[in-house]
Structure formats: structure tokens, C-alpha cells
Amino acid sequence: MSDKTEVRQGTLALMVLKTLDVMGELHGYGLARRIEQISGDLLSLNQGTLYPVLLRLEQEGSITSEWGVSENNRRARFYRLTSSGKKHLVTETKHWEQTTAIIERFFSVKSGDLQ
Amino acid sequence: MRSLRCFLSRLFSAVTRRKVDDRFAEEYQEHLTALTEENIRAGMALEEARRAAVLKLGPLELLKEDYRDQQSLPFLETLFQDIRFTLRTLRRDAGFAVIVMMILAVGIGANATIFSVLNALILQSLPLKDSDRLVWIENNPPQQKGAEPSSRKSMSAVTSRVDVLEAWRRMNTSFEQLEGYFAFFGYRSFRMSGGGEPEKLVGVNVTQGFFPMLGIQPAFGRNFLEEECRPNTLSAVLISYGLWQRQFASDPGIVGRTIKLNDLSVNVVGVMPKNFDFGSIFVPGTRADIFIPLSLDDIRNSGNTLAIIGKLKPGVSVEQARHEFTSLNQQISLEIPSQRGAFGARLAPLQEYVSGSLKSSLILLACAVGLVLLIVCVNVGNLLLARTASRRQEISIRTALGAKRGRIIRQMLTESLLLAIAGGVAGILLAGFATRFLSHMTGTAFPLLETIQIDPYALLFTVGITMLTGILFGLAPALEISKTDIHTGLKDSARNSGDGHQKTWLRNTLVISEVALACLLIVGTGLLVRSFLRVLDVDLGFQPERTASLRIIAGEEIRTPESLMSFLLELQRRVRQVPGVEAVSGTDALPLDRNRSWNVGVKGENYPDGRPATHVSFIFPDYFRAMGIPVHAGRDFTESDGAKSKGVVILNQTGARTLFSDMQNVVGQTLIVGNREYEITAVVSDVRHSGPEADSGIETYLPALQGGGEAGASSIDLVIRTTLDPASLASGVKAAVRPLDPNMPTSEFLPLQNLVDRATSSRRIIVWMLTGFAGIALLLAALGIYGVVSYSVSRRTQEIGIRMALGASAGNVQMGVIAQTLRLVLIGVGVGISSALVLSRLVTSLLFGVGAYDPMTYVIAPVILTGIALLAALIPARRASRIDPLTALRSA
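Line by line, the protein sequences give chains G and V.
Just so we're aligned, residue 1 is where the first sequence starts under our numbering, counting upward by one.
Just so we're aligned, residue 1 is where the second sequence starts under our numbering, counting upward by one.
Careful, some of the hints might be misleading.
Using 30 Å as the maximum straight-line C-alpha spacing, the simulated DSSO-like pairs for lysine-lysine come out as follows [claimed, not checked]:
#1 V/Lys644 - V/Lys603
#2 G/Lys86 - V/Lys64
#3 V/Lys56 - G/Lys18
#4 G/Lys18 - V/Lys64
#5 V/Lys483 - V/Lys404
#6 G/Lys18 - G/Lys94
#7 V/Lys274 - V/Lys260
#8 V/Lys260 - V/Lys603
#9 V/Lys200 - V/Lys274
Computed, partial: chain G to chain V, Cβ under 7 Å [said to hold, decoys possible]:
#10 Gly10
#11 Asn46
#12 Arg56
#13 Glu60
#14 Gly61
Everything labelled a hint here was simulated from the structure, so no lab data went into it.
Glycine included, C-beta positions come from ideal geometry on N, C-alpha and C.
My request is simple: use the sequences and hints to build the entire structure.
In C-alpha cells form, the structure reads like this:
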């Protein structure tokens, strides 16, 4: 087992949305780098798996994409959050925070607390 | 919401097959380049940098697949793929596809048609408001107990007197409303004059609340007002939609106009809605052109003439109403003198009255088409199975390339479903034609025919059975083929490999079950056909051949009964002069058409249960000769049996037997019919007045000349017996009638055979359909046998070649093939006959004159089936016998 965490189902989409929210427009490579950077290289990501997720988010209407020119002057596809994506991110964030808070409580439970 | 949007987007790209693969490939390349550059910057060598980049990004082909799956719907993609593939293979094998489609179309179409009939007559409620609360109320004299309930066979037994309706209206608490129509409306023919050929119209007298109770609102205008229903007035009329289109060119200004009916000026108050067909609901085979208000006072003394329909109060059941009427009727029988002793009522939901008598026939038909569909499935399954043999190699290759068993079954089922859908589409077209044909049939006693159509329910049903059929016939071949072993499948060319034992077994079972199902259907059809032939053979008591009737409606200028009678006598004298006419007479109640019911008894005799009922017809002299009814004793009426002479009556044999203990001395005795005394002048043969399947009751004939107002109020049917074809007589008779009354419509010149045909029409339609289905079953069974035998012959070419090389003659080979077929057929027939023996009891109620175990049918059905089967086997058998041993062996 490596000490890098596999990306959980569904969380990658949330990471993509948040990254785009913070960074604005990004292409696939940039997005992958940022996600690794933010996760502090603790995440083992097969970067190619980003693309089906991006496609799904686009189909859902959370992001849009268009061709543009990358920093080293090559053609690249740039992804951007839509307003519906922003809303989605807000609700998802709230949901996620709640879940982690609940899990947190369970983890911090000691036998004495429940007497 | 989001997932829906996602789904729609994927569906869209699946359907349009719009690909953005290129986009992904480009992004992948860009990503890879960027990663490689990063690695180089980190100090790797070019090769190393690229390898690491690919590792980091993931392999292109695998990602592409994920990407594609996300892009569209993989399930649909596969489906489309299968469909495209199927279409391609079927195009290559178009003959096969067309045959399968045709077989399926026949099966599915027949089922959709019968379902539509069943739907219109039984499943759907009547096209009337609150139809589940409408109840048919018939008069039920106690001496008719045990008679078949709620059938249309006899009209007069169901009608009631005005005072009874009034008593019921006054006393009952179950019904919101009790209304009625004059059941003898056929008597009330009208002629509409004023321009053009005078047309004869059939008018129905209905009580004022009749249409409002049924929820029928005129398309234009209004229902009758109370003052229009007063006695002795005819001031308002409602016309049917058909008449409005036909005679008034759909003129919306017709409401409020005045038309001439029987030379009276009548106000048109409304046009009935287009979808309302009085005849098809209440009296099938009859056209109703106009509706006129019925005044109860006008028919108060006409006896049992009202057909009564009631609308239950909400929440009251028919059972409760029945209960109430039983006690009411006891009271009424004491109060109303005319009903003393002989009184009862039978209540049935209107729907049951309208189509109840056809229910069991229709269910039989439904079972028959179900069988046909099963046979179709078996047949098509068998054809597909034969095809799988030649596709064994293809499947093996697919399996070798990694297709899983489920995937192959799925593809095979897609194929069969596709075939089923094609068959279903063709079938629904067939059913569309069939229902159109049925709904446009005229002159039958089938109710609600016009409402038969392919409606959404029928469509839904068809879609359902289509899918079911596809799965049913596709399953066996799919399972069979998916079992293909790659090795044998690839090694053997399909032609030469011998058949596995199991597979032969499957095919044989299919053929046997096909033969058994066909046998069952043929036995059932045989029983009904034989019943129908018996019905046609029934001695009706009169001879319809070369006899025609002509309905006479005298103009309003002939007002008194006396002048009407002399007019009719004059008319008869004129018609008698027409060349070819053998005898002319007239009656107001032709058999199989109308009847009226009175009480009859012998003078001086006491009837504690009330006097029995009798059909009464008013007739003109020479009636029995014109109708071909044998006179057994006594004399016919003559013109001298007039209004002023002694009352006379003629009785039928059943009447003589029932009323008198001494059959020899009936003539000369005195009968009380209704409330008058008549002397019996003759005894005549029984006539099946109410229909070929109903026994004759007591019948009495009274001279029309003595009928007074009773006979005069009705129209009269002239009965004309000829030496020629009745139809050829029409113009001569018309010419003879015209000088007497130029305005008299003579369009309705009706061979009596038409009445007989109408009386047997329901049975005829059902027998036709059944015969058609049995024919289809026979054909399919033959096809199935042919297919299996010729397949097995082609598989055994080598074996046969060897046999022949070893000395078997062509005859030996032929006999071998035929014996093999015969074995299958005999097993199938055995199974079919034994199941028929068990099931035939269920159709007993539909049979007439033959038993459920009619030996003739049980012998003929297997003989036909075996004969056809052998015929089907003969072609491949001959082919087998012509095999040239040399070629057969060399081709191995």
C-alpha cells in the first residue's frame, strides 16, 4: 500500500469544481497540477481520469469549456465554472462539511463520553 | 435536475452519434506534452520523461473507453450496434425476414383485432353517461321462467305496459329515473316527403327524459320539451346525424325548420350527436333516423310495448333494485288488473343486456387468437432456430473474440424483438383494416360495431403482445445458440456436422406443440362450424327462398283503419297481377323481425298462474301460402273475415298442444286472446318466430281486417312469393304500387332471406373468424412441418447418400422421411385431441345441435391436420429421394 490516498468516488468532481472556483479558467493539465499541488502531493491521481469527470460536469452544466491558447502557446481546452456550477459547489460544500463534522464526532468519541 | 440534464445530454449524443473523441485525443496529447516537458525540466532524459508522463496520465485506449462511456449511454450504444447489425444481416436474408414478419403480422394483427372487438363490446363501458348505473328492466311473465335471460332473442318478452312503468315510477326507491322507448319502433316508419325520391325513415319514440338520462345532448338544438310529449301530437322531431348529413347537406340552419313527416308538419328541434348510434346499442342492425316524443297515453292500451331503462341512484346496486322490484311486483300484480297473476321483472345492467350474450363467443375468439399467436411464436422460433445452425460459426468467432454469453443472448433477443416490432407494425396495420371492415358492416345483429377501432388501449395491448412475442420466440434460439462451443463451432462447417440429439429434440417438441395447438383450434372451430351448419339447417317453419317483403307506410290521408285496410287489399290485388308473383299477403309482424306478446287462453278454462303468453301477428288472407307455412287443419282467413263478421284466429301446433288436451278437435274451439274471443279456424305449423335457435312458443294469427286500431296503427309488410328471383321483382312491384300512391317509398324491398341472415349474423361472424384463425393455424403448422423436415433432410444428405449407396431405393428414403413426420404429427394430434376433449366442455354453451364430444369433428380434425402435414412433408421427402449418392458423398 502506498501512503498516497486513492481518490474517492465523487470527490474528484468536487475538487475540480473548487479548484476552478478558486483559479478561474484552467486547462486539463493545469487543473491536474493544481489539484496535486493543493492536496500536497498526498493524492495519487491518474491524471487521465480527470477528463471523463470534466465531460460529466460539462454535461451537467456545471462547467463550460472552449479552446484557447496555453501559456506555452499551444492549443488547449479551457474549463470554467458556470453560475449553476457555483451554486452546486456551495450546496456540495455544505453537504461535505456536514458529513465530515458528523464523522469527526464519531472519531472523537471516547467510552467515557457516553456514560 | 442535474442528472436529468446529464442523461439528456448523453442520450442526445447517443442518438446523434456525435463524437468528440478527437477533442479528447487532442487534450490527451497536450496534457502528455506538458507532463513530459515538466519531467524534462525536472531533469529526466527525453525517453524517461515520456514514459513517466504516460504512467502519470494513464493509457490512452483505456481512458478513451471511459471517456466514451461517459459521453453517451453505453447501453444504448450497444443496442444501436445490435440493431444495425441485425438490419444488416436481415437485409442479406430478406426473404427470411419478410416471411417471419408476415407470420408475426398475421398473429399480432389478429390479436389486436379481437382485442379491439372485446374492448368495444365488453371492456369499455357503453358510450353513455354513468353507464354503470343504467339498468335494463324487462317484463318477465312467470311462465317464461327458465328462459335464457337478457337475450335479444325475443323482443316482446322484455317489453312492459305503460301502467306498469307508471307503477314502478311511483313506487320504487332504487332508481333516479325510469325512461323508455317504444320497442316496436320498427312499426313506426315515417316517410319524409317534399322534394326528390320519398325516403322511408325509421323513427323511435322515446320518453321525454330518455336522452337526458343517457346523457345524450343534441349536437345542435335541444331535447324534447314536456308540451311536445302530449298525447296525439307530433310537433317535434330530433334527427340523427346521418340523416342530417344525407338529407339536409349538414345544414346548421335545420334546427327550427319544419319538415313533412307522413304529411304532417313537424318542427326539427335538434340534431343528435355524431357518435350516438341508437341502433347499435339497443337494436343492432337497425338504423334510427329520427326520434319523436313518446306520449305514454298514446300507447296505454297497446299492451307490452315499452322497453324500459332505469338509472340507479348513486350507491344502489342492481341486486338491491332487484330485491325491491320483487316485492313491488307482488303489489303491482294485485293493483293492475291486466297484470293479475302473470307478472314479474328481470333487471340486468344495460351493458350485460347489450353485449352479454356475445361475451362467451368473444372469449372463445380471444382464446382462439391466443392459440394462433402461440403457434406463430412456435413457428417463428423454429425458423430462427434453423437459422442459428448456419450462424454457429459467426457466434463462435464472436465468442472467441471475447463476447460473453449474456451479450450474445442479448444480441439474439434484440434481433427477435426487432423482427417482432416489424411484425407488430404490420400487424397493427392489418388490424386497422380489419377493424375498419368490421365497423362498417351492416345488417348484422352485432351490437356496438361502429365503436370498434384501434384505440390507445388496443395500441398498448399490441405493444405488449409484440414484446412478449419477441421474447417468447427469441428465447429458445438465443439460449440454444449461446451454448455454442467455440471449438466445434469453428471447426465444423455447419453443413456437415450431424445434429446434436438435444437440438433435434427441441425442434421436434416445437413442431409437436404446434400441431397440438393447431389441432385444438381446429376441433374448436369444427364444433362451431357444425353448430352453425345445424343452425342454418333448422326448419324455420317458413320458406324464405323466393320470398320478399315490402314495408308499406300509408300516407296520412288514409286515416281510418278501414281505409287503410281497403288500401292494403287494393295494393295486394295490384301486386298479384305482376308477372312472376305467386302469392301476396301481408303481416305486421314478420318472423325474426318483430313480435308482440299477449295473453291467451281457452274460453272457460281456468289458469291459476295466469294465462300463457303468445306471439300475435295480424295477417292478411293467403299469408300461409305466401310464407310457405303448412296449414294442418281448417281453413285460412279470407277477405270475408272482416271487422263485422265473427272473430277468428289461427293457432300454431305448439299452441294447440299446450292449450288443448285433445289435439283433434282444436278447430272450432273458442280462444280468448288479449280480451276478445275468437274462434279457431285452423292449426298451422310452428314458425321459429324469435330466431333459429329459440323454440317456437304459442303463436296466434289474427286477421288484420279484424284488428281495428291495433293493426292499423302499425305499418304492414307485404309478403310476396315469386317464381323468380325476388330481387328481379322489385321494379315490377314498384310500378304496380306507384299509381295507387306516388309518394310511397318502396326502397325497402327485402328478400326474406335477409332476415334469416341477420338472425344468424352473430354466429356467422364468429364462425368466419374462427375458421380464418383455424386456417392460419393449419397453414403455420404445415409451414413448421415443412421447415423442420426439409431442414433435417438437408442435414442428413450424406447419411441418405450412404443409405442409397448401400441399396436403399428412392421409395425407401421417401417413406423414411414421411414416417418420421408422421410420428411427430401423430404425437401432436394425440396431445391436441386429448386437450380438446378436456377443454371442449367449456364451449358447450355456444354449441347448437352438436355435443362437445361430436365424433365427426374429432375424426375430421386429425384427418385434415395429418393430411396437410403429410402434404407439407412430401416436398422435402421427394427432394431426399432424388439425392444422388455420388454427389452427396463426394461433397463431404
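Verification of the hints:
1. V/Lys644 - V/Lys603: holds, 21 Å
2. G/Lys86 - V/Lys64: It holds: about 28 Å lies between the C-alpha atoms, which stays within 30 Å.
3. V/Lys56 - G/Lys18: Within the cut-off at roughly 22 Å; holds.
4. G/Lys18 - V/Lys64: It holds: about 25 Å lies between the C-alpha atoms, which stays within 30 Å.
5. V/Lys483 - V/Lys404: Answer holds: V/Lys483 to V/Lys404 is near 11 Å, not above 30 Å.
6. G/Lys18 - G/Lys94: holds, 13 Å
7. V/Lys274 - V/Lys260: holds, 23 Å
8. V/Lys260 - V/Lys603: violated, 46 Å
9. V/Lys200 - V/Lys274: holds, 21 Å
10. Gly10: violated, 13 Å
11. Asn46: With a minimum Cβ separation of about 4 Å from chain V (threshold 7 Å), the hint on G/Asn46 holds.
12. Arg56: Nearest chain V Cβ about 5 Å off; hint holds.
13. Glu60: Holds. Min distance 5 Å.
14. Gly61: The hint holds - G/Gly61 has a Cβ within 7 Å of chain V, the shortest such distance being about 6 Å.
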